[in-house]
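Participant: Use the sequences and the hints to build the structure in full.
Sequences listed follow chains W and Y, in order.
If you read the first sequence in this note's numbering, its first letter stands for residue 5, the second for the next number, and so on.
If you read the second sequence in this note's numbering, its first letter stands for residue 5, the second for the next number, and so on.
Calculated from the structure, these hints are not laboratory results.
Be aware that a few hints might be false.
As the list claims (entries may be wrong) - Selected chain W positions facing chain Y (Cβ under 8 Å, derived; list incomplete):
hint	residue
1	Ser310
2	Thr338
3	Val351
It should be emphasised that the depicted structure is a prediction, and the values quoted were computed from it without experimental measurement.
We put the beta carbon where it would ideally sit given N, CA and C, even for glycine.
Protein chains: 2
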Amino acid sequence: MNDRTAELLAAFDAGRIAALARVVSIIEDQRAGHEAVAAHCHPRVGRARRIGLTGPPGAGKSTLTTLLAETYLAQGLRVGIVAVDPTSPFTGGALLGDRVRMEKVALHPGLFIRSMATRGSLGGLAAMTREVCDVLDAFGLDRILVETVGVGQSELDIARLADTSAVILVPESGDAIQTLKAGVMEIADCFVVNKGDRPGADRLCNDIEVMLGLRGGAALAGIPAHHGVDLKAANPKARARAAAARDDAESWTPPVLRTIGATGEGVPAFVTALDRHFAYLERSGALRERRRMRLRERVRDLVERSVRRRLWHDAALTAWLEAELPGLERGESTPQVVAEALLARSVAAGTLTERTP
Amino acid sequence: MNDRTAELLAAFDAGRIAALARVVSIIEDQRAGHEAVAAHCHPRVGRARRIGLTGPPGAGKSTLTTLLAETYLAQGLRVGIVAVDPTSPFTGGALLGDRVRMEKVALHPGLFIRSMATRGSLGGLAAMTREVCDVLDAFGLDRILVETVGVGQSELDIARLADTSAVILVPESGDAIQTLKAGVMEIADCFVVNKGDRPGADRLCNDIEVMLGLRGGAALAGIPAHHGVDLKAANPKARARAAAARDDAESWTPPVLRTIGATGEGVPAFVTALDRHFAYLERSGALRERRRMRLRERVRDLVERSVRRRLWHDAALTAWLEAELPGLERGESTPQVVAEALLARSVAAGTLTERTP
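Facilitator: So this is what it looks like as structure tokens:
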């Protein structure tokens, strides 16, 4: 570690926000010193609660994120917001009515906001987001709110890195149920129907509860069983069973909440649900398991990243691959044969084990 | 290669759709024989034109995909549709008004429809989609239409594997311009404003043309320059220059088209634009480059997949990593140190080079 890095980390340990911002940049861009910085942060990780907010564009995730941040700040907690969304107002992307509110909260000294570059992330977006959350956690923030947009695979990967994942939906988004089908049921610890005073909110809440098996009713058309959704037959006892299960230390049934972002209605109940979920995670041992899983994935990501860096930055190996391409195009070899030969060459040459610059 | 695989590949070569479906499943699930199957397909790849259709949910991608498929089938071409979208009607997910039309075209003997499992794909969704496209290409299909939803990183990765990427937008989707900002400008070879008779279509077409520098006008608020969008100042000659550039063999300016999915209006012009883009790719040498890039990425994906399979399926290595986790949790070591030790152990033990079962 050089002097500049040591100085930066001293400022980081002293709680200076400017140092945090620089450390995050070093990690995100994998700049010189990033390994020392990550090593410094590692033993300090484990205090923050990580809350993911995911959902389709326009669901009001940024507004709810702002309202949660305000609540936590009012409790005297320090808050980080990580926006993994190129269209998030936190990135300066959108012009929403509550922009003023966001700008106001953004000035609070207890708040740190970071927007992740979603394209060309070294080592994958989910891995990088987890690493940035580790830095914020090590810095001493109490709550980390991760806002992700969409229903794609990468968004689900990002949602999985939170302690608690809240899925935000709105009645008018016609694709709400489709979002649910896209694998979101499995990752949701909490459902929030935002703009909950609009027509269709009752219906949407009901649909979600049916999908959760909390409520009997007509099966939702078009939801195939292999999506992992357990569509229990109409059963008046299902709801009572589910309610009882909520008090069970060993299981958790995602609550279906209603908020109105414009007025803040429902936000206190949302905060309470998040607290209750965290308490469940702690007493059930699930928190320990989620954190161990994150650590396992972190090591695996680092191994894979190291392999990629060593292989694809190796000039001799790159030149060898380029020379193989014309033969591949002519069909004289197959990608499998070339790939195995490349890997064998790299091992023989020590590419995977030598110290990297 | 065993007898069953040989028999299957003979049926594949004979053009039997059932054999194609089985080969795609073998590839997608990485079942026994997948290497022999991929090797068989490789020299047969390179005839099909790959067309990506991407855009936000509800833009009408599936409808346009159906209309394109009908057009190509009427031309006597064989068509593949690969739906990388858990909410696509092709996957049985949605109940749209034109479902009937899709079901009708789905019965055509010249059409093959495949929906990609978007979760837990072995080796990454983009890599797997490319591999499935290779199989469809090797089978002898003339056009492969890849439908992807959303604006996430993985969707952009998927869009990049097409010869031609069309971005589908609708006037009423308030996030259209945000979609453009999310990196879509760079990958779009063609813009389609669907539901082009609705209010706002003129404005959206105009906004896209401004972003493309085809049209002067007020700069779009909130689009920072680092998104790669060249916002040319108001310039009446820009459009004429751009039109001239379209006839230049060495450059391509994405056209902004308008369609009405419900009536099919604008679809012939869309087909013509796709043909013109392919002709441009051929004469400019860009097609050759795109295909070479795909081949290079294919080899790299295979290497990385092979490394992952060997490392994470190795029982001794997995046990070693599990034993390291408690020390990591106590902060006695760092993920970086454990990752490097794991890689060194795997190389020393020959894990990365031994034949896999």
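Participant: Going by Cβ atoms only, is Ser310 of chain W closer than 8 Å to chain Y?
Facilitator: Holds, about 6 Å.
Participant: How about Val351 of chain W: closest beta carbon in chain Y under 8 Å, or not?
Facilitator: holds (5 Å)
Participant: Close enough to count: is the Cβ of Thr338 of chain W nearer than 8 Å to one in chain Y?
Facilitator: It holds, given that the least Cβ distance between Thr338 of chain W and chain Y is near 4 Å, below 8 Å.
Every hint from the earlier list agrees with this structure, and none is contradicted.
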